[in-house]
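Required output: the full structure, derived from the provided sequences and hints.
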Amino acid sequence: MGCSSFFLVPNMQHNWDLLCVLRDYGGVMRRFLAIGLFLFLAGCATYQSVPFEQSTAQPIKKIGLLSPSIPNEPTALLATTVGQSFGLLGAIIDASMASARANSLNSVLTSNKFYIRQEVEGRLVAALEEQGYEVVLVEAARSSKRDFVSTYPSTEPVDAYLDVVMPAYGYASAGIGSSSPWRPFAMMKTRLVRASDKTVLMREDVAYNRLTDRNDDTVTISADPSFQYADFSGLESNSERSAEGVRVAVTEASNTVGKLLR
Amino acid sequence: MMNASSKLVRFFIVGFLSFIVSACAQDRGPAPILSVAQVGCLTEPDLGAAKALVVSDGEATPLEFLVSGASPCLETGESVRSLFELVRLPEVDAAFSIRVSAVPSSTGLFAPQLTILDADGIPLRQLPEEKYLFRGPKLTASARINAGERYLLIASNPERVGDRSQRTSAIINQYQSGGPIYFTVRTGSEFTKSVTYSHGGNVTVTGSFLDTSLDAR
Numbered sequence: 001m002g003c004s005s006f007f008l009v010p011n012m013q014h015n016w017d018l019l020c021v022l023r024d025y026g027g028v029m030r031r032f033l034a035i036g037l038f039l040f041l042a043g044c045a046t047y048q049s050v051p052f053e054q055s056t057a058q059p060i061k062k063i064g065l066l067s068p069s070i071p072n073e074p075t076a077l078l079a080t081t082v083g084q085s086f087g088l089l090g091a092i093i094d095a096s097m098a099s100a101r102a103n104s105l106n107s108v109l110t111s112n113k114f115y116i117r118q119e120v121e122g123r124l125v126a127a128l129e130e131q132g133y134e135v136v137l138v139e140a141a142r143s144s145k146r147d148f149v150s151t152y153p154s155t156e157p158v159d160a161y162l163d164v165v166m167p168a169y170g171y172a173s174a175g176i177g178s179s180s181p182w183r184p185f186a187m188m189k190t191r192l193v194r195a196s197d198k199t200v201l202m203r204e205d206v207a208y209n210r211l212t213d214r215n216d217d218t219v220t221i222s223a224d225p226s227f228q229y230a231d232f233s234g235l236e237s238n239s240e241r242s243a244e245g246v247r248v249a250v251t252e253a254s255n256t257v258g259k260l261l262r
Numbered sequence: 263m264m265n266a267s268s269k270l271v272r273f274f275i276v277g278f279l280s281f282i283v284s285a286c287a288q289d290r291g292p293a294p295i296l297s298v299a300q301v302g303c304l305t306e307p308d309l310g311a312a313k314a315l316v317v318s319d320g321e322a323t324p325l326e327f328l329v330s331g332a333s334p335c336l337e338t339g340e341s342v343r344s345l346f347e348l349v350r351l352p353e354v355d356a357a358f359s360i361r362v363s364a365v366p367s368s369t370g371l372f373a374p375q376l377t378i379l380d381a382d383g384i385p386l387r388q389l390p391e392e393k394y395l396f397r398g399p400k401l402t403a404s405a406r407i408n409a410g411e412r413y414l415l416i417a418s419n420p421e422r423v424g425d426r427s428q429r430t431s432a433i434i435n436q437y438q439s440g441g442p443i444y445f446t447v448r449t450g451s452e453f454t455k456s457v458t459y460s461h462g463g464n465v466t467v468t469g470s471f472l473d474t475s476l477d478a479r
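Residue numbers (my numbering), protein chains in the order written: chain R, 1 to 262; chain Y, 263 to 479.
Partner residues are not named here, just some residues of chain R that face chain Y (Cβ under 8 Å, in silico): (1) Ser49; (2) Val50; (3) Pro51; (4) Glu53; (5) Asp213; (6) Asn215; (7) Thr218; (8) Thr220; (9) Ser222; (10) Ala223; (11) Lys259.
Computed footprint of chain R on chain Y; a stretch qualifies when at least three of its residues, placed anywhere within it, have a C-beta under 8 Å from a C-beta of chain R: (12) 394–403; (13) 463–477.
Dumping the calculated DSSO-like pairs for lysine-lysine here, alpha-carbon to alpha-carbon at most 30 Å: (14) R:Lys145 / R:Lys62; (15) R:Lys198 / R:Lys61; (16) R:Lys113 / R:Lys145; (17) R:Lys145 / R:Lys61; (18) Y:Lys455 / Y:Lys393; (19) R:Lys198 / R:Lys145; (20) Y:Lys393 / R:Lys61; (21) R:Lys62 / Y:Lys393; (22) Y:Lys393 / R:Lys198.
Please keep in mind that the hints were generated in silico from the structure rather than gathered at the bench. Everything numeric in this text was worked out from a predicted model, so none of it was measured. Heads up, the beta-carbon is just placed ideally off N, CA and C, and yes, glycines get one too.
Structure follows, in structure tokens:
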């Protein structure tokens, strides 16, 4: 099935964008749609990667990390549900259950002092410093939560800007039953832009636990099997460990961004 | 007569399906090669035997090959042997990148180690270990090609051969009913695939020109 049939917004270049559109519009329905379409969305990315290569003529030493675009709430994504077989009524029931799961996951994270922005920025800074870069945080004005910055600052004393958009994070399961456990996931769209002439130095997408193993340009990281739950209630009752699972997902995705900038 | 004909058709269909199933069952791809026993390994690659990555009309034609027991071997230290293939890179004057993808068989995955050489076969740089990343089921490494970089040595990494990689993926099955009542059932499940890093395996080399303008990204 072609991915284009799922484009709710015309001319989207990237399928992750759709997940972000759903996120932006809010409401219960978006969760239902996000669940059913997630696998296709995550699996059909069409961007072309640009590998980073450190230049000897214009070396990148100092990076301005633009404040990443991050969803306000986590996603608890059940890719296939019984409700999907029962039309509108099933959709309404699914949406209600999905909303309850997302709220519960949000409680799990906040009760364990997991604050996504703090985590993402902290892990990315650490990953870049690990590769020898000096890093400064730069406030970014975004016209859309789902896309890269359209105009990069020109006043910051940095060699390049790292622009990160996080379409979604949280826990995901392929379906109901112990054979498809809940595991943490995190996704990052990244772009490194040279400050002086706005040349794109790197363009990569990274997904920790993407569920599908489709052939495309996205760098994929397998989920750590030590953070998995046969059902959602297991995730809820092990809240500290569940929060740690998302932390690992964010850390691994950030470290991979660092590796791509080596 | 009709009945006999129908039985014959059914016989051929069953036979054909059995053939397909058995063919698929046997098509497991190359088994992992865990040691290089050849003698007389080269100490440097033969530039004349390089496979060319050809660019025409602004596109590079993908190069697909199998690194196998019949591939040349390279001895880089005492008893440190690798199987390898050499690729001649195109001479381009625009931003150009290459990607090497190791494609898994049902049991094995080529463990690549990439070195870029100049026109005389002198090593210029080796891609660091961190650059080898999975993109879907394939283990890949990408690099931009700079002026003077003319050959890509794709050798097996003896330090990684024998290690195992395990990846889990989801499968979404969709069933649609026929008849007067239409409904769709989707089920999700997972499978885990475990492969062993190998001296040999299927490799694909691709190249592409890079548009590094903001509008293109």
